[in-house]
Amino acid sequence: MSAPVVVCTWQGAGDDVAEETAAALTLGRRVAAESGTELRWLVLGPAPEDLVETARSHGVTVVDTFGDARLESPGPDAVVEAVARYSASRPAALIVFNQHFGTRFVVPRVAGRIDAAVVMNCTDVELAESGGFLVTAAAYGGDTRAVYAPDPERTCVVALLANAVLPEPVETPAQAPPVEDVDIDVAGVEERVRIVEQARSEGPRLEDAEIIVAGGRGLGSPENFKLVEELAETLGGMAGASRPIVDEGWTDSAHQVGLTGRITRPALYVAAGISGATQHMAGCSAAKTIVAINTDPDAAIFRYAKYGIVGDCLEVLPEMIRAVREAGVAR
Amino acid sequence: MASGSMLPMRIVVCVKEVLDPDAVGAYALSGGLVVGEDGKTLTQTTIPRLMNAYDEQAIEAALRIREGGTECTVSVVSVGDDLTTLLRHAVALGVDDVHEIRPPEDEPDCHVIASLLGAWIRTSGGADLVLCGRQASDDDQGVVPALLGEMLGMPVVAVARAVEITERASVMVTTVTPDGDETAEAALPAVVTISNELGEPRYPTMPMRMAARRVNPEVVEPDSISEGADLAPRVRLVRQYVPTVKGECVLIEGDGPAAQATRLVEALVGDRVLQGRP
Numbered sequence: 001m002s003a004p005v006v007v008c009t010w011q012g013a014g015d016d017v018a019e020e021t022a023a024a025l026t027l028g029r030r031v032a033a034e035s036g037t038e039l040r041w042l043v044l045g046p047a048p049e050d051l052v053e054t055a056r057s058h059g060v061t062v063v064d065t066f067g068d069a070r071l072e073s074p075g076p077d078a079v080v081e082a083v084a085r086y087s088a089s090r091p092a093a094l095i096v097f098n099q100h101f102g103t104r105f106v107v108p109r110v111a112g113r114i115d116a117a118v119v120m121n122c123t124d125v126e127l128a129e130s131g132g133f134l135v136t137a138a139a140y141g142g143d144t145r146a147v148y149a150p151d152p153e154r155t156c157v158v159a160l161l162a163n164a165v166l167p168e169p170v171e172t173p174a175q176a177p178p179v180e181d182v183d184i185d186v187a188g189v190e191e192r193v194r195i196v197e198q199a200r201s202e203g204p205r206l207e208d209a210e211i212i213v214a215g216g217r218g219l220g221s222p223e224n225f226k227l228v229e230e231l232a233e234t235l236g237g238m239a240g241a242s243r244p245i246v247d248e249g250w251t252d253s254a255h256q257v258g259l260t261g262r263i264t265r266p267a268l269y270v271a272a273g274i275s276g277a278t279q280h281m282a283g284c285s286a287a288k289t290i291v292a293i294n295t296d297p298d299a300a301i302f303r304y305a306k307y308g309i310v311g312d313c314l315e316v317l318p319e320m321i322r323a324v325r326e327a328g329v330a331r
Numbered sequence: 001m002a003s004g005s006m007l008p009m010r011i012v013v014c015v016k017e018v019l020d021p022d023a024v025g026a027y028a029l030s031g032g033l034v035v036g037e038d039g040k041t042l043t044q045t046t047i048p049r050l051m052n053a054y055d056e057q058a059i060e061a062a063l064r065i066r067e068g069g070t071e072c073t074v075s076v077v078s079v080g081d082d083l084t085t086l087l088r089h090a091v092a093l094g095v096d097d098v099h100e101i102r103p104p105e106d107e108p109d110c111h112v113i114a115s116l117l118g119a120w121i122r123t124s125g126g127a128d129l130v131l132c133g134r135q136a137s138d139d140d141q142g143v144v145p146a147l148l149g150e151m152l153g154m155p156v157v158a159v160a161r162a163v164e165i166t167e168r169a170s171v172m173v174t175t176v177t178p179d180g181d182e183t184a185e186a187a188l189p190a191v192v193t194i195s196n197e198l199g200e201p202r203y204p205t206m207p208m209r210m211a212a213r214r215v216n217p218e219v220v221e222p223d224s225i226s227e228g229a230d231l232a233p234r235v236r237l238v239r240q241y242v243p244t245v246k247g248e249c250v251l252i253e254g255d256g257p258a259a260q261a262t263r264l265v266e267a268l269v270g271d272r273v274l275q276g277r278p
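Order-wise, the sequence lines are chains A and B.
Position 294, counted from 1, in the first sequence is what the numbering used here calls 294; the numbers after and before it change by one each time, with no gaps.
Position 6, counted from 1, in the second sequence is what the numbering used here calls 6; the numbers after and before it change by one each time, with no gaps.
Okay, chain A solo, but in the shape it has when bound (with noise of 0.2 Å):
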């Protein structure tokens, strides 16, 4: 058989998601299916609950995990190490990261340590006509789709977008699959850099939030964000903006949606005043329910949205602040 075909989760640096976690696995299966290879799952940071559950619905071959009790929070330089050693004892002919911030800068490292290809904004593998894989990816934002073949004679490393791939479990599972300690020993691994004063997490995070509302350059001036708070707060939500209003500073960087900001999955996203580039699109595309106001009907905006209104959103925003208290609305 083949060199298989591993998702690595790495539970604590973001792969808190549950369906993120079901859409890489469900990739690797199709990859490892169409290949006729074995999926293995390997398992970094604490272990999922619904481990054996999730790898079982998912045909997952084989769960390794670590024993190494540094791994329960590891540091970058530990991951890297870990997963290169990993590699050298079971090369793997593909290996699917989640890609969010905690792995952005880590998969990179982990493919220049074991010299293998690595395509990151990856949004789907297939198997190449000649054998070996074709991956997509995102570029320019996501205004374009690059397809890049890695070499066949090398492990590939790629890193999947949220949303990308839809995750579906198998049909009729089949028994649950072994779990392996991997034995891999990264106590001695230093790292290189020291977190003097970590990060505080300032109340809610937008990637949990149920409802958005997000402004754009549409609201035409920095004082008018104030409109989209209120929206926001009168809905039980929170406030997002596209990035060049952040750039701007007509907010903080907290509130950034798109490629290079927060990565959300909303029920409902209002984007007011925001025109719909891609880059932003990469932000809240998966959300459940766009809603759109812009004064240009041929904003990219409306192609994503369930619901628009063709207007000024200095118009529309504070109307709806009425009819959402009139209606007596929430979530």
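Check the hints yourself; a few may be wrong.
As the list claims (entries may be wrong) - Looking from chain B toward chain A, a few residues come up when the C-beta cut is under 10 Å (computed): (1) Tyr27; (2) Gly31; (3) His111; (4) Gly142; (5) Val143; (6) Met172; (7) Gly180; (8) Glu182; (9) Ala186; (10) Ala190; (11) Val250; (12) Pro257.
Stated by the list, open to error - With a straight-line cut-off of 20 Å between C-alpha atoms, the simulated PhoX-like cross-links for lysine-lysine are: (13) A:Lys306 with B:Lys246; (14) A:Lys288 with B:Lys246; (15) A:Lys306 with A:Lys288.
If you're looking for bench data, these hints aren't it; they were derived computationally from the structure.
All residues carry an ideal CB built from backbone N, CA and C; glycine is no exception.
Chain A is already provided as a structure; the job is to place chain B on it using the hints.
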């Protein structure tokens, strides 16, 4: 670097020329973005080429370190052909010297770029601090700085909004994380990647731009620096396309914003996205 050190420290900033992402975005928004005949390159000649904005901010970070009183030189390096205009812009911003490494073949990947940059850094006197933009706005990969760190054996601190050199030969970095700002420290030499949160880079003054016109980058042939290096690409771009988005938007009509807003809220309640008053 440290106050007692003999030599000024050397900062190397790695930059890339990209298609103006705002122009690409404008074409994409208007539905006019097309891929050329080779099936993989954006060929619109009306899209200007310029320095990747994150890389320009990396230069800004280096200049701020120098202006902060750290005795240092700032070298800027890029891989490609015909980069004189790009590198003169770096000179006009105030860097000390600029270098253009010729690529060994037409389409070098991140591995080849990082190998060349790493080889040049090693053979040209090393670096105390390597600064890169967090990612290039064309392929968005953000892989080269990480590979450089691995190749040069340096720690990598990612997504910085502020960088300072300390008295104890280390770099103190404010990084942008989803939970807010974090402060991290790494011993030099180190690689640090810069994010847009650093703030606007300076604009070159007219005298600086005039002076930069007389500067030509040092051209570096890959053979002269990369003896024995493996310059085979790990990935090849085979195709690029513009994804289509299906539009199924229901436009809420009505007599003015008040009526539209009321209808919209009703629709959201009807879909159970919002819960109405019981």
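Hints, verified against the model:
| no. | hint | verdict |
| --- | --- | --- |
| 1 | Tyr27 | holds (8 Å) |
| 2 | Gly31 | holds (9 Å) |
| 3 | His111 | holds (8 Å) |
| 4 | Gly142 | holds (6 Å) |
| 5 | Val143 | holds (4 Å) |
| 6 | Met172 | holds (7 Å) |
| 7 | Gly180 | holds (4 Å) |
| 8 | Glu182 | holds (4 Å) |
| 9 | Ala186 | holds (5 Å) |
| 10 | Ala190 | holds (8 Å) |
| 11 | Val250 | holds (5 Å) |
| 12 | Pro257 | holds (4 Å) |
| 13 | A:Lys306 with B:Lys246 | holds (11 Å) |
| 14 | A:Lys288 with B:Lys246 | holds (15 Å) |
| 15 | A:Lys306 with A:Lys288 | holds (9 Å) |
The earlier numbered hints are all upheld by this structure, with none contradicted.
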